[in-house]
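Q: Sequence:
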Amino acid sequence: MNEKEALRTSDEYREALKKMQPSIIKHQLLQNPYEDEDIQKGMNVVALSYDLARDEKYRDMMTVTSPFTGKVINRFNHISLTREDMRKKQQMIHTLAKEVFCAQRCVGGDALHTLFVGTYKVDKSNNFATDYHERFKKYLKYIQENDISPCGAVTDGKGDRSLAPSEQHEKDSYLHIVRETEEGIYVSGIKIPITMSLYSEEIIVIPGLQYNKDNADCAVAFAVPADTEGVEIYVLGPEIKSLKGKMSPTHGKKYLNKEGMIVFNNVFVPKERVFLCGEFRFAATFANIFANLHRFAYTACKPAVYENMTGAAMLISEYNGTKGEYFLSNNSEKVFEIYKTAITVRGLCKAAIEDAQETESGAMMPDPIFANMGKYISSENFHKAISTLQDMAGGLPPNLPYETLLENKDLRDRMEKLLTRKKGVSIEDQYALNELIRVMVASNEGGLLQFGSKHGGGNKEAEKVAIYGNSLRAMNDCKNCIQRMSQEYK
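Heads up: the sequence shown begins at 1 in this note's numbering, then just goes up one per residue.
In case anyone wonders, no lab produced these hints; they're calculated from the structure.
Hints are supplied without guarantee of correctness; some may be wrong.
Below are the DSS-like pairs computed for lysine-lysine, each with C-alpha atoms no more than 25 Å apart in a straight line [to be verified]: (1) 409 - 422; (2) 340 - 384; (3) 334 - 384; (4) 244 - 124; (5) 26 - 334; (6) 57 - 88; (7) 137 - 124; (8) 158 - 141; (9) 423 - 334; (10) 88 - 350; (11) 98 - 121; (12) 121 - 4; (13) 4 - 138; (14) 454 - 158; (15) 417 - 246; (16) 213 - 158; (17) 88 - 71; (18) 340 - 244.
All chains, full assembly: derive it from the sequences and hints.
A: Dropping the structure here:
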């Protein structure tokens with residue numbers, strides 16, 4: 001980094017992690033967590049955002065000059081202040097998602113944006129008797145000046161869904177304040193599943209729900225280093241099949257999305273890193289701000305995944321010789337069904353930018369109707385797209401033989417019997433494409449994508465509530481218009 005830039009290299013990101021001593025548990029406590037193969041694959045995803053920021057081809061999209069430090073920073077750590085900022089962010093997320101399916105840094109970036117907007121609201125409501133916003137701006141400068149990739153921890157364990165946090169049999173199902181001192185607060189509880197938690201230097205916590213006075217101890221927002229005493233991070237989602245073959249796809253062999261569960265065991269948070277402390281009336285404010293931002297991020301990300309599925313469907317159709325029309329079946333129409341969602345969601349993303357509004361804090365917020373509708377349509381159609389791709393691929397992707405058999409001269413002819421399809425397509429190309437499709441739709445990683453499309457940033461019911469709540473006035477205008485038209489006879 002130099003005086004004008006605060007941009008680390010991907011190697012500097014990795015080295016910064018290795019200087020830390022977090023408690024990361026897989027099957028047992030990992031002594032050298034950042035040497036773990038699966039965790040390294042997740043680190044590679046984040047590292048790509050550092051590499052592209054230093055690549056002249058992507059620099060305009062990936063970087064921006066911070067109004068707080070005056071230095072060029074990674075756009076993931078920038079607070080979008082204009083619609084052009086939002087357009088560049090959309091381009092950045094889409095570009096990364098095409099390569100790695102999930103950029104992973106969106107949650108941490110959205111948490112930063114949430115705290116910028118939310119802390120200002122809290123302070124203003126208190127006639128600026130509180131100083132949460134100034135505290136956060138100091139923290140934001142620290143993140144920007146050191147080019148740190150924080151993770152955002154929003155979702156609690158939740159326990160028995162029929163009970164409020166204060167009624168839970170297991171109190172730590174929800175992260176909560178244990179006690180408060182003049183120096184800071186102590187917190188306990190869990191956040192799960194948390195993207196990037198296994199390879200982040202900083203953890204940003206915000207409330208994920210609305211709370212009442214009885215649950216005010218859950219209304220808390222703060223940030224701590226990942227190796228803070230009392231913080232444990234558990235590796236989630238063990239891989240069923242290791243991807244190490246020559247024909248294994250880059251996503252799986254080099255890149256992997258790994259989730260973690262963060263356990264806070266009476267963790268101390270210094271006062272200067274506390275951004276909400278018991279003000280329960282604002283828990284929903286923080287949660288809703290984050291939800292809107294993260295659903296907007298989904299509308300930037302998921303079109304890239306749909307585009308990847310479109311390409312896979314087209315190519316497997318060519319390889320298998322099923323490109324044409326058949327009785328009661330048209331593969332071109334099936335491909336269209338996948339691609340139309342990519343276009344629709346991308347259009348809603350652009351609409352969310354076009355109708356974005358500036359908040360009192362100065363930060364932009366995407367239009368909530370278009371952002372939520374984009375996420376809703378993406379979620380509603382994701383499993384349909386997966387099903388279509390499975391239909392077009394046939395039963396081979398989850399039933400591939402071991403790759404080494406293709407290189408065995410005594411057994412290669414058997415592999416040719418299995419893998420030979422359209423003339424001119426090598427069995428290696430056939431194998432590699434089917435393996436990529438397996439990773440996309442029939443692996444632990446593919447399952448994570450499917451669950452994430454449904455629950456990430458909130459499920460469809462939450463999105464419908466947000467759409468309806470923000471659309472009610474316009475819907476009533478529609479009703480009144482029809483009432484007027486239908487009663488013109490009077």
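Q: Hints numbered earlier in the text: which of these fail when held up against the supplied structure?
A: 4, 5, 8, 11, 12, 18
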